[in-house]
Amino acid sequence: DLVSVLYWYPQNIKVMGACSSTSHEDETRRQLQKTPLKTALAQKRRTVCGDGAPVVVLDFDLTLTCLHCGKTQLTDRELANLTPEMVFDNPAGRLRSIQNFLSDLRNEVGCEIIILTLNTHKVVLHCLRMGGIDGLVTEIVSCNSRAKGKKLVEICNRYTPCRLVFADDDPKNIIDAKANITNASILPLSGTSGLQPRHLEWLYYAAKGELSYYNSLPR
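Be aware that the sequence shown starts at 1, since it is given in this note's numbering, and climbs by one per residue.
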C-alpha cells in the first residue's frame, strides 16, 4: 500500500529518529580520516564510472541484512532455522521497506542490483528467497578476500557505461572502493543494523543521479 511504499522516503525519516553513535561508527569515521587516500590514488589508475545505466552494488551481511549470517559456516539446519524477521526485520517494518526499495530500483529506475559479499552464494540466495527479494537481484558476486575494489572494477567493466552506487558497512571496503573507482556514489554505513530508511533514500536518489538534493552523507 501507499504508506508502506513511502516508508523510507523523506517525510518518514524523522519518525525513525537518529541512531546513537556506536564504536563501529567511530571506527568507520576514524579509518576514513586517517587513510592516505591521495597517496593511494596517485599510485593507481582508478576506473571511471560514467552516466550510463545505474548499477547498485550492496554488501550483504549487516548492509542488506540486520543479522550477520556469515560469522560461521551455517549448516543446512541452521539455515532452516533462520526467519525473515531474524535476517531483515529489525526494526519491525524494515523488510517491507527493503522490498519496496529494491522493487522501485528495478521497476522505476531500471537498476541492475548486485550483491557483493564475502558470504557464500548458498547462504545469500537462501536469505534472499526467504525475504521474497531474490527476483529483484540481478546477480550475487562472492569475494574470496576483502579486496572488493577489484570486484567493483570488474562489475563496472561488465556493465559499461554505468552509474555505480555502492554501500557497505566495512570501512576497509569503502576505502578500497574509493581507491579503485572514481565518479561512483559510495555510502559507508554507520552502526551495525544495516540499511535504514535514511540510507535507502540516499541510495535511491544516487541511482537516479539526483544527489544534488543532499549536502552530506546520511549517518
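Hints listed in this document are in silico derivations from the structure and should not be mistaken for laboratory results.
Just so it is clear, the structure is predicted and the values come from calculations on it, not from any experiment.
Built from N, CA and C at the ideal position, the CB exists for glycine as well.
One thing to keep in mind: the hints can contain errors.
[Said to hold, decoys possible] Cut-off 27 Å, straight-line C-alpha distance, at most; resulting in silico cross-link-like pairs (DSSO-like, lysine-lysine):
hint : residue 1 : residue 2
1    : Lys208    : Lys178
2    : Lys208    : Lys150
3    : Lys122    : Lys150
4    : Lys150    : Lys178
5    : Lys172    : Lys122
6    : Lys150    : Lys172
[As the list claims (entries may be wrong)] Label-pair restraints from in silico Cβ distances:
hint : residue 1 : residue 2 : range
7    : Ala92     : Ala53     : 13 to 23 Å
8    : Ala92     : Asn157    : 37 to 47 Å
9    : Tyr214    : Ser103    : 19 to 29 Å
10   : Gly110    : Asp76     : 35 to 45 Å
11   : Arg219    : Met86     : 21 to 31 Å
12   : Asn157    : Ser212    : 26 to 36 Å
13   : Thr182    : Ala80     : 19 to 29 Å
14   : Gly209    : Pro84     : 12 to 22 Å
15   : Ser212    : Ala80     : 41 to 51 Å
16   : Lys122    : Asn90     : 18 to 28 Å
17   : Cys143    : Asn183    : 17 to 27 Å
18   : Pro84     : Leu118    : 16 to 26 Å
How the hints compare with the structure:
For the given pair, Lys208 sits about 20 Å from Lys178 by alpha-carbon distance, which is consistent with the 27 Å threshold. Proposed proximity of Lys208 and Lys150 is supported: the alpha carbons are some 24 Å apart, at most 27 Å. Restraint check for Lys122 and Lys150: satisfied, since their Cα atoms lie roughly 22 Å apart, inside the 27 Å limit. With a CA separation close to 11 Å, the supplied pair Lys150 and Lys178 stays within the 27 Å bound.
With a CA separation close to 25 Å, the supplied pair Lys172 and Lys122 stays within the 27 Å bound. Distance restraint check for Lys150 and Lys172: the Cα-Cα separation of roughly 13 Å lies within the 27 Å cut-off, and the hinted pair is therefore satisfied. The hinted range of 13 to 23 Å is not satisfied by Ala92 and Ala53, whose Cβ atoms lie roughly 34 Å apart. One distance hint, 37 to 47 Å for the beta-carbon pair Ala92 and Asn157, holds here, with the actual separation near 40 Å.
A beta carbon spacing of about 23 Å between Tyr214 and Ser103 agrees with the range 19 to 29 Å that was offered as a hint. Evaluation of the 35 to 45 Å hint for Gly110 and Asp76 yields a pass: the beta carbon distance comes to about 36 Å. Taking the beta carbon of each, Arg219 and Met86 are about 26 Å apart, inside 21 to 31 Å as hinted. Between Asn157 and Ser212 the Cβ separation comes to about 28 Å, which falls inside the hinted range of 26 to 36 Å.
In this structure the supplied range 19 to 29 Å is violated for Thr182 paired with Ala80, their Cβ-Cβ distance being about 43 Å. Against the hinted window of 12 to 22 Å, the Cβ-Cβ separation of Gly209 and Pro84 comes to about 32 Å, which falls outside the hint. Roughly 46 Å separates the CB atoms of Ser212 and Ala80, a value that falls within the hinted 41 to 51 Å. Taking the beta carbon of each, Lys122 and Asn90 are about 23 Å apart, inside 18 to 28 Å as hinted.
For Cys143 and Asn183, the hinted distance range of 17 to 27 Å is satisfied, since their beta carbons lie about 22 Å from each other. At roughly 22 Å, the beta-carbon separation of Pro84 and Leu118 lies within the given 16 to 26 Å, and the hint holds.
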